[in-house]
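Protein chains in written order, with our numbering: chain A, 277 to 563; chain B, 18 to 322.
FYI, nobody ran anything at the bench for these hints, they're computed from the structure.
A portion of the hints provided could be inaccurate.
[As the list claims (entries may be wrong)] Label-pair ranges, simulated between beta-carbon atoms:
hint: 1; chain 1: B; residue 1: Gly122; chain 2: A; residue 2: Val548; range: 47 to 57 Å
hint: 2; chain 1: A; residue 1: Tyr556; chain 2: B; residue 2: Ala129; range: 37 to 47 Å
hint: 3; chain 1: B; residue 1: Thr303; chain 2: A; residue 2: Thr449; range: 52 to 62 Å
hint: 4; chain 1: B; residue 1: Glu87; chain 2: A; residue 2: Val470; range: 23 to 33 Å
hint: 5; chain 1: A; residue 1: Leu489; chain 2: B; residue 2: Met18; range: 16 to 26 Å
hint: 6; chain 1: A; residue 1: Val548; chain 2: B; residue 2: Leu89; range: 20 to 30 Å
hint: 7; chain 1: A; residue 1: Val458; chain 2: B; residue 2: Ala129; range: 47 to 57 Å
hint: 8; chain 1: A; residue 1: Val458; chain 2: B; residue 2: Val33; range: 33 to 43 Å
hint: 9; chain 1: B; residue 1: Gly122; chain 2: A; residue 2: Tyr472; range: 54 to 64 Å
hint: 10; chain 1: B; residue 1: Leu89; chain 2: A; residue 2: Trp297; range: 31 to 41 Å
hint: 11; chain 1: A; residue 1: Tyr472; chain 2: B; residue 2: Gly31; range: 38 to 48 Å
hint: 12; chain 1: A; residue 1: Val470; chain 2: B; residue 2: Asp83; range: 42 to 52 Å
Positions of the beta carbon are idealized from the N, C-alpha and C atoms, including for glycine.
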Amino acid sequence: MSVLAVAAKDYRDAVQSRALWALVVAFVGVLLITTYAYVELPEMFGPTGEATFSGLIFFTTGITGLFIPLAAIIVCFKALAGERELGSIKILLSLPVTRSNILFGKVLGRAAVLATGVAVGLVIGLGFGAILLGSVAIPTLILFVVLSLLFAGIYATIMVGLSATTGSTTRATTLAVGFFVVFELIWDMVPLGVVYVLNGFSMPSSFPDWVFLVTQLSPATAYFTSVVALLPEAAVDAGVAVGGGIEVDPVEAEPFYVTPEAGFFFLALWFVVPLALGYYQFTRSDV
Amino acid sequence: MPAIEINNLTKQFGDVVAVNGLDLQIEEGEIFGFLGPNGAGKSTTIDIVLDFIRPTSGTVSVFGHDAQQESLTVRQRTGVLPDAYHVYDRLTGKQHLKFAIDIKGTDDDPMAVLERVGIAEAADRKAGGYSKGMKQRLVMGIALLGDPDLLILDEPSTGLDPNGAREMREIIQAENERGATVFFSSHVMEQVEAVCDRVGIINRGELVTVDSVQGLRSATEVGETLYVHVTDFAETDLDNVLDIEGVTSAVLDDGRLRVMIGERPKFRVLQDIDEIAPIEDFTVVTSSLSDLFLHYTNEQQEVRQ
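Between the sequences and the hints, there should be enough to build the whole structure, so can you do that?
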């Protein structure tokens, strides 16, 4: 019960964040403009050269994969560190609620806030696209939206988990932004760099399998491959391939981690590891 | 069973010893004032009782429940007004109470509580816009939820005007009459003096003294002082004044006689002085606990140096 009470309080509080809604407005704006461009000029965006609802879904995935991490940072980085720095956590901790329930309540509350923003954006963006296209695949739409909301929840967990490890918002900011830079912006380059170094400072002609594994570790990449795994027909329809920047045919790839289903595994990992880390730190520290 | 039992409690933050070997027992049903200058270790002690921070060594129990292992039970039975807290700026006063009621599982009426602490008219305003005193009243309201067996109040009159501080005292007394044990900290003597059964003075992480207000008074030399304006007073009369029963010291100071008295009623002492030299006027100064407080904390510091 206290988890839900904490979550409800947190939702009421954080859903009023102006920064979140500014970002949602920007998200919707970008979606509307790019959706319009995609429908009118499909050859600029996809190999099929024809605007389809499947194509629109994967096109939107690219934008959502950037928006959700950024929105998660804004909504969640102060979730616990901010409360500890300000002292509002003392009001919460004075009540009979365990630290783990505070952490889980925070994750739930912030995930719900983020999901609200994402849902609003996606409904407007994809609705607009469906009207322009004059076609819509309801099952595809529902699966995609559900997976995106799940991804939002996982990103909220990552950010709340990081926030739980510290009582300083400065450190929380560094952790959140650092995570984004490392795992979202430069991650594709990390395994390639390692291969480059291991290969005697030159690029090999073919890459070992683990490169694909490591590449897919990035949460947004895992989200993208999960969308492919969940909507294989739409993926073929839209001519989408997985494997980050490296072109791999999803059908022919052999090792399990190069298959799209690996995305689910990595997303699950991103749910468990930050939560465990945050739990370990938060339940032990002085607040 | 004591309401709070603290045994050999020590808390270190790096090199700094915030609390050093503290032993303290708060009896059920009493109002206990925990006094000390800023940084003496009051809040650290309270934070450990509530499991906000963990002790370096020593144990704390509340109504027999270990403060670390059974913190949830402790907090279920305790109402807290913490120190250096911050309200949720974007939530209204009523929303604060609602979620606290949800978590604590009590059947309080939020509006009745807000009424009691005097901010009912601000119930639907966001707490971020409250004054310091209103925030203090709001969090006091949260502390009162569920008629707790123990109230822990860290500097309860912070941010309150004299009227607010009086209302706070009245609530504390009413809660105590209901049966609650009250443990509150302050660095202002007068508030402690007004309501407490017993007082503990802490300085530099160590307990300097624990006693009743009366006991503290009589344990120290400071009692009551008479300032007497006398006419035709000769230096030699001073010895006669000193001989009066109950006078512990007498000094002639700028045409004014400063007489400190012990157990004897001051009226009798005044009559005796009047016989030696006619009294024109007089004032009585009762040494407040503030003087005692300064006396204890300064003395302790001198010992340390």
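Original post:
Which earlier hints can't be squared with this structure?
Top reply: 1, 4 and 5
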